[in-house]
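J.: Protein sequences, first through last, are from chains A and B. Using the working numbering, read the first sequence as starting at -7 and increasing by one per residue. Using the working numbering, read the second sequence as starting at -6 and increasing by one per residue.
Keep in mind that the hints were calculated from the coordinates and are not lab data. Hints should not be assumed to be uniformly reliable.
Computed Cβ-Cβ distance ranges for the label pairs, DEER-style [unchecked claim]: (1) B:SER187 with A:TYR207: 39 to 47 Å; (2) B:ALA183 with A:VAL197: 48 to 56 Å; (3) A:ILE19 with B:ALA183: 51 to 59 Å; (4) B:LEU209 with A:PHE7: 38 to 46 Å; (5) A:PRO93 with B:THR205: 30 to 38 Å; (6) B:GLU184 with A:LEU119: 41 to 49 Å; (7) B:THR14 with A:PRO128: 31 to 39 Å; (8) B:ARG9 with A:ALA226: 33 to 41 Å; (9) A:PRO128 with B:SER187: 51 to 59 Å; (10) A:ILE52 with B:LEU10: 38 to 46 Å; (11) A:ILE52 with B:ALA183: 43 to 51 Å; (12) B:LEU209 with A:GLY13: 42 to 50 Å.
Please read these numbers as outputs of a predicted model, since none were measured by experiment. Glycine included, C-beta positions come from ideal geometry on N, C-alpha and C.
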Amino acid sequence: MRLKGRLTITALVAFLLFFAGYAALFIAPDERTMHEIQRVFYVHLPLWAAMYSALVVAFISNIGWLATRKPMWDWLAVSAVEVGVVCCTGGLITGVLWGRPAWGIWWTWDARLTTAFILWLLYVSYLLLRGLIEDPQRRATLSAVFGIFAFLDAPLVYAANRLWRTQHPAPVIFGDANSGLDPTMGKVLVACIAAMLAVMVLVLVDRYRLERLRYEVDELRLAADARAADLNSATARSPR
Amino acid sequence: MTAARAAAILLAKELRLEFRTRELLNATIVFALVVIVLFSFSFDPTAAESRRYGPGLLWIAFLFAGSLMLHPSFAREQSNQTLDALRMAPVSPFAILLGKMLANFVFLSLAEVVLVPVFAVLYNVSIAGVIGRLIVVLMLGTLGVVITGTVFSAVSAHARMRELLLPLLLLPILAPLLIAAVEATASLFAEQPSLDRTWLAFLAGFDIVFLTASWLLCDFLLEE
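Isolated chain B (complex conformation) (with noise of 0.2 Å):
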């Protein structure tokens, strides 16, 4: 079995897991909505406020939301031992990280899907210009997020108070990401949209780097 068809598998279980009670999706999607609307109390939310701080809020809400969605991914087969199951099974570590990172990734796009347009309109920002070249910030960014994210969650399932540790591992790593993240962004919520191409550079390095970093170290993160 090839490692792309293994990865599928794996997806399709996720998502089917996930889509029975939509219980993780829920949860981060209210929770993010809980960050966004708080932030409406840090500073006035009209139109020229929401440009200057808007982006920087989109992104915290996203990092908080995808911080506290990923610590399921590996915790949730311990309590069954089904991670040893998997790990029998005839196909590469990394298949089964890549399973994760892209259901993790599904699951995040999707709250990002709800929480986008909410924001717009709470906070008197026009992405209908924009959206397209919004979508390909978000991908990018929210890949980085459950790249490292994944990769965490299969750190911090073995250690106690896990679920305060895996924000704690994570948000410094994504540190970056959110720089770039929240400079593409901005670029795209001026008077003058025009999508900053440095930045959105950036966003893939950081992803390559990570991704080939999980690829080089998903043997010893599954071991036994």
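The shape of chain A in the complex, shown without the other chains (with noise of 0.2 Å):
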């Protein structure tokens, strides 16, 4: 019954992601200047869309962690690093690969890039400290409050390169807030968007279930080798 829901749930979002790459290769209009290299928008913002939402739900299940120290916090908090880092790299190479044809350049110091690259730096230093800190309990709640300063840092870091970069403007994209956005390129923009927002939840979710289980072998085993202790002390004690 759960495989069942869990395979329809699968199949709605592989579904959703096949309409929404069909949308964005055969129904949205060309770009005017770029033409068929800007298709790589509709996967570029969307894996950005992930990557900011997965920082989220890490940033809140730390703050969750800490404060009830219930251990799914942990696990969701590990899940959603993971998938956003995930994110994030896709959005780095896809950022990439669009930027050299349409600015000439494969990457630029621009407060968006920048803050991207640095988001990336912390997280993946994030996993890496929680590789490092054996006890579970320990690893959890400084890698919490690593978490947290870490999301604080992301808007600090971006304000730092926006007021620094004003005297050399940043090749601009869009102008504002999609000025100038055709209707149809924004309505494939949010189908876009949804699938890869569904995609996000539903390895979240994968992650998160793998994590637990990892939690319950891993207290089984310790439980195991407790009565394995116990019964060699009793066979010791018992008089032959």
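Starting from two chains that each stand alone, build the complex the way the hints lay out.
T.: Structure follows, in structure tokens:
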């Protein structure tokens, strides 16, 4: 029953993804100056939307763990950061691929690009940190503290770069907030963002289940070890 | 005992410990000097070039030095389980953290007092006229480094490979501080020095955000 439900949801998300991909490639109108290459936009922006959503989930989970100490928050935090890092990597790669034909350069130290890159570094460090602390309780607490610091840093990184680069105007993508975006393009974009978010949530939920199973296996192993130690001492004590 | 008094006692303890050997301070200063000297090979250190690259160089040297210097802050407490003793003392965790932050602030500032004149001489930068304003920038920047650095020193102290982990955690977080500190310093090294107050405010904002965060999270940071 549960498997059936999950399969249905996965099929729905796959259909949504297929539809969004079709819309991005065939329904969305041709962009005036960039033409076909602009269609990477329908992957690029949804990836960023998914990444920022995942990082917000991670931030809330970090606070949730510190406030309640329920292990579910820790599972959610690590899952969200992993998914967020994957989306961030995808966003950076599609951005670089797009930047070369559109701007003539692979990379520019614009506020948004720099913020994305620093965020990528911060959350990769978060995952490294988790890998280097043995004790699960301590790992959850310390990585939650680091996660909160990293999340607080993001607006500061953006503000600093924004202030700093004002003299050197960064390449403008769409002017202000989607100005001049064709209505069809807008609709396709919404479909693409919805599809990407759905994929993100699907992966996040699966990753969460995996983390929970790992935790349960660890608990069982600890209980089995304790029981084995009990039995050993009992046999040692019992008279032959 | 008030938090301020407890922090002052801890600060005195940290300073006493360090000034018995001065090993941390000496190593930090020499390390930063090495960075400053090595940078002279990456560009032509004439006055005009120094004005362009000097502030960045100076702050990179401080950040690297800080990220190495802050590591022992909590790691040193682990070898003899002295952190447990500190935790058992009837003081708030924030007082412990604050005492360590202040001690690290003193150490890094002392290193800067030695390094800035050396830098000015080697790179032919005139700091005599702007020394007061430069000290304000240095203090705000150093505060940001030690606030985040002390917290992360407590985070990384429990991890494996912690010597490598601390710079890894700390340096990306300090990216906005680096930009602000470099720009504020550059405005003082310019031909017509005038302190850029936007960056000064940014530095102060950075310090306040992370000091507040450390205050809110210090209970979790120091728990057993």
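J.: Could one say that the CB atoms of SER187 of chain B and TYR207 of chain A fall in the range 39 to 47 Å?
T.: 58 Å, violated
J.: Please check whether LEU209 of chain B and PHE7 of chain A have a Cβ separation lying inside 38 to 46 Å.
T.: Holds - the Cβ-Cβ distance for LEU209 of chain B and PHE7 of chain A, about 45 Å, lies within 38 to 46 Å.
J.: Measuring from beta carbon to beta carbon, are LEU209 of chain B and GLY13 of chain A in 42 to 50 Å?
T.: 44 Å, holds
J.: Measuring from beta carbon to beta carbon, are ILE52 of chain A and LEU10 of chain B in 38 to 46 Å?
T.: 40 Å, holds
J.: That 48 to 56 Å hint for ALA183 of chain B and VAL197 of chain A (C-beta), does it hold up?
T.: Cβ of ALA183 of chain B to Cβ of VAL197 of chain A: about 54 Å, so the range 48 to 56 Å holds.
J.: For the pair GLU184 of chain B and LEU119 of chain A, does the Cβ-Cβ distance stay inside 41 to 49 Å?
T.: 46 Å, holds
J.: Please check whether THR14 of chain B and PRO128 of chain A have a Cβ separation lying inside 31 to 39 Å.
T.: 37 Å, holds
J.: Just tell me: holds or violated, for the beta carbon distance of ILE52 of chain A and ALA183 of chain B against 43 to 51 Å?
T.: 44 Å, holds
J.: Is 51 to 59 Å respected by the C-beta to C-beta distance linking ILE19 of chain A and ALA183 of chain B?
T.: With a Cβ separation near 54 Å, ILE19 of chain A and ALA183 of chain B satisfy 51 to 59 Å, so the hint holds.
J.: In this structure, is the beta-carbon distance linking ARG9 of chain B and ALA226 of chain A contained in 33 to 41 Å?
T.: 53 Å, violated
J.: Can the suggested window of 30 to 38 Å be confirmed for the beta-carbon pair PRO93 of chain A and THR205 of chain B?
T.: 45 Å, violated
J.: Do PRO128 of chain A and SER187 of chain B keep their Cβ atoms within the hinted range of 51 to 59 Å?
T.: 53 Å, holds
Of the numbered hints stated above, those contradicted by the structure are hints 1, 5, 8, listed in ascending order.
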